[in-house]
Amino acid sequence: MNIPNKARIGGLAALAFFALVPLVTQSDYFIGVLTVCFIYGIWATSWDFMSGLTGRENFGHALFIGAGAYTAAFLGSRFNVNPWWGLPTGAFAAVVCGVIVGVPTLRLKGPYFALATFAAAAIAQRSTRIFWEYTGGEEGIPGLSPLIGSHLAYYYFCLGALVVTTIVLLVLARSSWGILLRAIRGDEAACQAAGINIAFYKIVSLVISAAFAGVGGVLYADYQLAVTPDVFSVVLSITIMIMVYVGGMGTIYGPVGGAILLALLPEMLRAFGEYRLWVYSLVLIFILFFAPGGLIAPICRRIVGVRR
Amino acid sequence: MTALLAVEHLSKHFGGLTAAKDVSFELQPGEITGILGPNGAGKTTLFNLLTGFISADGGVVEFEGHSLVGLGPHRIVNLGLARTFQLCRPFLGMTVLENVTVACLAPRVREERGTELRARRILDQVGLSAKTEILVDVLPYGDLRRLEIARALATKPKLLLLDEPFAGLGVGEIEPLLALIRKLHAEEGLTILIIEHKLRELMQLVTRVIAMDFGEIIAVGAPREIVRDPRVVEAYIGHSESVHGVA
Amino acid sequence: MHTLLNILVYGAVTSAIYAMLAVGFTLIFGVARVLNLAHGAFYGLGAYAAYVLTIDLHWPIFPAAVAAVLFVGAFGVVMERVLVRPLRHSALAVLMITLAVSLLFEQAMFILFGSQSRNVPSFVSYTLTYAGLDISGQRLLTLAVGIVVLIVLYAIIDGTRLGSAILAISQDREAAQYMGIPINRMYSVVMGLSAAVAAVAGVLTAPFLTVQPTMGLLPMIKAFSIVIVGGLGSIPGSILAALLLGYSETIVAYSPWPAATEIVSLLAVLLTLILRPAGLLGKRAAF
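Residue numbers (my numbering), protein chains in the order written: chain S, 1 to 308; chain W, 1 to 247; chain L, 1 to 287.
The hints are simulated quantities; they were obtained by calculation from the structure and are not laboratory data. Since the structure is predicted, the reported quantities are computational estimates derived from the model, not experimental observations. One or more hints might be untrue.
[What the hints assert, rightly or not] Listed below are the simulated DMTMM-like cross-link pairs for lysine to aspartate or glutamate, each with C-alpha atoms no more than 25 Å apart in a straight line: (1) K183/W <-> E26/W; (2) K198/W <-> E175/W; (3) K6/S <-> E173/W; (4) K156/W <-> D57/W; (5) K158/W <-> E8/W; (6) K158/W <-> D187/S; (7) K131/W <-> E188/S; (8) K109/S <-> E174/L; (9) K158/W <-> D28/S; (10) K131/W <-> D187/S.
Please build the complete structure, drawing on both the sequences and the hints.
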């Protein structure tokens with residue numbers, strides 16, 4: 001894999017930075033905030049792998065997140081299963097959702113796929129209210145037992161999960177998978193004329209995206225020690241998309257930076273009190289106008305000196 | 001000799017419009033056959049039907065004994081039938097090399113290793129080896145055409161369908177492309193079916209011509225006869241004097 | 001019988017509201033290919049504007065309503081000109097900027113008015129009693145105005161030069177440009193129109209639906225759904241879908257499973273996209 005040396009060093013430096021943060025700050029709160037940032041990073045990079053590369057924007061990424069979260073919560077609270085089982089089963093539940101949603105909708109063109117995925121996640125969210133006996137309705141499912149007791153250890157665990165996710169997806173994106181997905185973005189008919197089974201690649205990449213998002217969902221549930229219907233919300237889906245956009249669509253590593261930045265932003269804006277979200281929205285608008293190719297990835301490329 | 005491609009009674013309607021009506025013909029291995037016809041005659045529709053981009057209403061299409069009816073485009077390509085598009089369709093945002101690599105990843109031709117080598121070899125064959133790292137977004141049209149052909153070639157087709165390969169080319173680009181097609185035909189032993197309006201170029205390539213109009217085949221024969229055939233002339237021009245200066 | 005009448009009337013009212021929301025949304029999409037996530041904000045802004053004018057500034061109700069609609073229309077024009085137009089090269093960017101606008105709106109309302117619901121007085125305070133049914137005059141007014149608005153819109157599109165321009169642009173933007181139609185100005189005008197119609201819905205329903213900062217989200221999702229089912233870019237499609245969904249929801253609301261009301265529109269969307277992506281009256285399934 002041809003990653004420039006500067007980029008390798010940069011990646012390791014970022015990793016070292018976050019590994020050392022807990023040694024510098026004693027604030028449990030801040031460690032918690034960063035842990036959530038890492039989980040957002042997993043969600044963002046998993047979205048980018050499918051939607052960033054193929055250009056088919058999935059507006060319902062929260063469906064996979066919620067599937068993972070609720071499955072883990074359900075197992076933990078109903079069946080008192082060891083929370084570690086939540087990881088593979090949550091991922092599996094997300095994968096199933098990916099197949100159910102992907103197969104009928106990935107052949108749809110343009111905005112229709114976006115709208116269908118949006119509808120799927122919204123239906124899931126509404127369903128938590130309808131099937132409240134199983135899902136706890138509005139309240140969700142509280143009182144989950146944690147994967148790892150120590151907040152610090154969980155911090156490193158999530159950081160590790162983020163690193164593994166990013167590396168796996170980066171390797172895939174740089175391999176022939178990436179070429180095929182980008183070709184699908186370029187021209188689906190030409191891809192078929194080149195002998196490629198685009199339906200297969202679209203669905204599998206959605207499934208891979210879903211699996212990682214589901215794992216992120218499980219991690220989130222185990223962090224909050226509860227799940228609520230918000231985990232399916234359209235706000236979450238769109239927040240993730242914005243993180244990817246700011247990070248740089250299709251780069252896989254950019255969205256990680258975008259996620260951490262935008263997840264930290266509300267914290268950094270605390271000084272603005274009531275006006276916090278207003279400033280947040282304004283920052284967003286600012287970025288949209290002045291950084292159309294994203295913020296993180298172009299800066300990284302500039303530093304490393306790569307053309308594309 | 002068993003035909004490479006056998007088409008019988010192929011038909012397709014779009015609402016009230018008959019795009020293909022009772023089309024039947026055969027292609028023998030190694031032939032270069034041309035398809036002629038005015039705009040709207042159904043030529044590209046025929047290609048779309050043969051390659052699975054449109055589903056036929058009726059008829060039989062057999063390629064090396066396999067029935068192609070109902071198969072999706074990528075399956076047909078993997079059986080050995082490749083096509084180019086009338087308007088070049090490159091994968092934008094990717095390099096020339098990456099564009100051909102995509103086709104090298106088709107199941108029919110995919111290898112464990114050596115994909116890049118193969119892709120480079122094919123680009124060499126079509127004369128694009130100097131431009132492998134260039135983004136296709138900035139390629140001139142003549143090079144895009146070569147890229148189209150390279151992509152089709154990468155799938156190791158037995159039958160190659162070329163849709164107006166000379167369209168949109170400048171004077172200096174036509175001869176080289178002509179030479180390329182001839183070279184590929186000789187080197188790869190391809191059977192070629194080519195739609196083309198530019199009669200002079202077409203006549204230099206093909207041994208047989210199929211003339212179409214309004215979705216039907218109106219004449220089949222050697223190039224010189226076809227251009228004098230009154231039905232063909234009438235389809236193009238509207239009266240039955242032969243076309244001068246072409247044959 | 002009683003239930004049937006209830007369904008008939010309330011279904012009609014709901015359909016009228018939905019139609020007003022959907023038509024504006026589909027209009028701006030059909031013309032400018034913009035999925036305007038701020039559409040809900042137009043709706044909410046109309047309601048809040050009516051509130052401010054009547055309660056804070058003590059305007060009489062009808063001038064306040066008209067002023068509110070005009071204000072939101074102008075807001076739509078400005079938003080298009082300042083925020084959307086520079087980003088039109090990227091559909092995703094437009095999506096996000098309109099989303100940012102809706103977030104800004106929500107936050108602004110929180111800051112200015114707090115999170116409690118506000119009350120806007122009804123325009124008409126009488127209640128119609130018929131066959132044992134009590135229907136608020138406000139709801140009937142909504143239905144009536146809704147129908148009028150749709151007729152006016154139809155008249156504009158079918159009968160005026162503006163309407164022809166709108167149709168031309170939605171069919172073929174470049175050709176329209178070559179014909180000398182000033183598309184940039186048209187985009188602003190259509191956005192303003194779309195905003196105004198959404199505001200009409202907001203103003204009319206304010207008295208009987210809650211006026212609070214997040215009021216725009218659900219109507220947005222509804223408008224989305226209706227427009228997809230009816231066909232993106234087709235006004236008759238939106239009206240038809242509005243009727244279908246309005247009545248389906250009302251029927252479900254009166255059924256033994258009222259909690260499923262919210263899912264009706266979403267299921268309709270999924271089904272439409274899977275079975276007939278172009279929607280009921282949409283022309284193409286791709287762009």
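Structure-based check of all given hints:
About 24 Å separates the Cα atoms of K183/W and E26/W, which keeps this hinted pair within 25 Å; it holds. A hinted pair counts as satisfied when its Cα atoms are at most 25 Å apart, and K198/W with E175/W qualifies at roughly 12 Å. The straight-line distance between the Cα atoms of K6/S and E173/W is roughly 43 Å, outside the 25 Å bound, and the hint therefore fails. Taken as a hint, the K156/W and D57/W pair is broken in the structure, with Cα atoms around 29 Å apart against an allowance of 25 Å.
With a CA separation close to 20 Å, the supplied pair K158/W and E8/W stays within the 25 Å bound. The hinted pair formed by K158/W and D187/S meets the criterion: a straight-line CA distance of about 24 Å does not exceed 25 Å. Using a Cα cut-off of 25 Å, the hinted pair K131/W and E188/S holds, with the two alpha carbons roughly 24 Å apart. Of the pairs offered as hints, the one joining K109/S and E174/L holds, with about 22 Å between alpha carbons and a cut-off of 25 Å not exceeded.
Distance check on the hinted pair: K158/W and D28/S sit about 67 Å apart at the alpha-carbon level, beyond 25 Å; violated. Proposed proximity of K131/W and D187/S is supported: the alpha carbons are some 21 Å apart, at most 25 Å.
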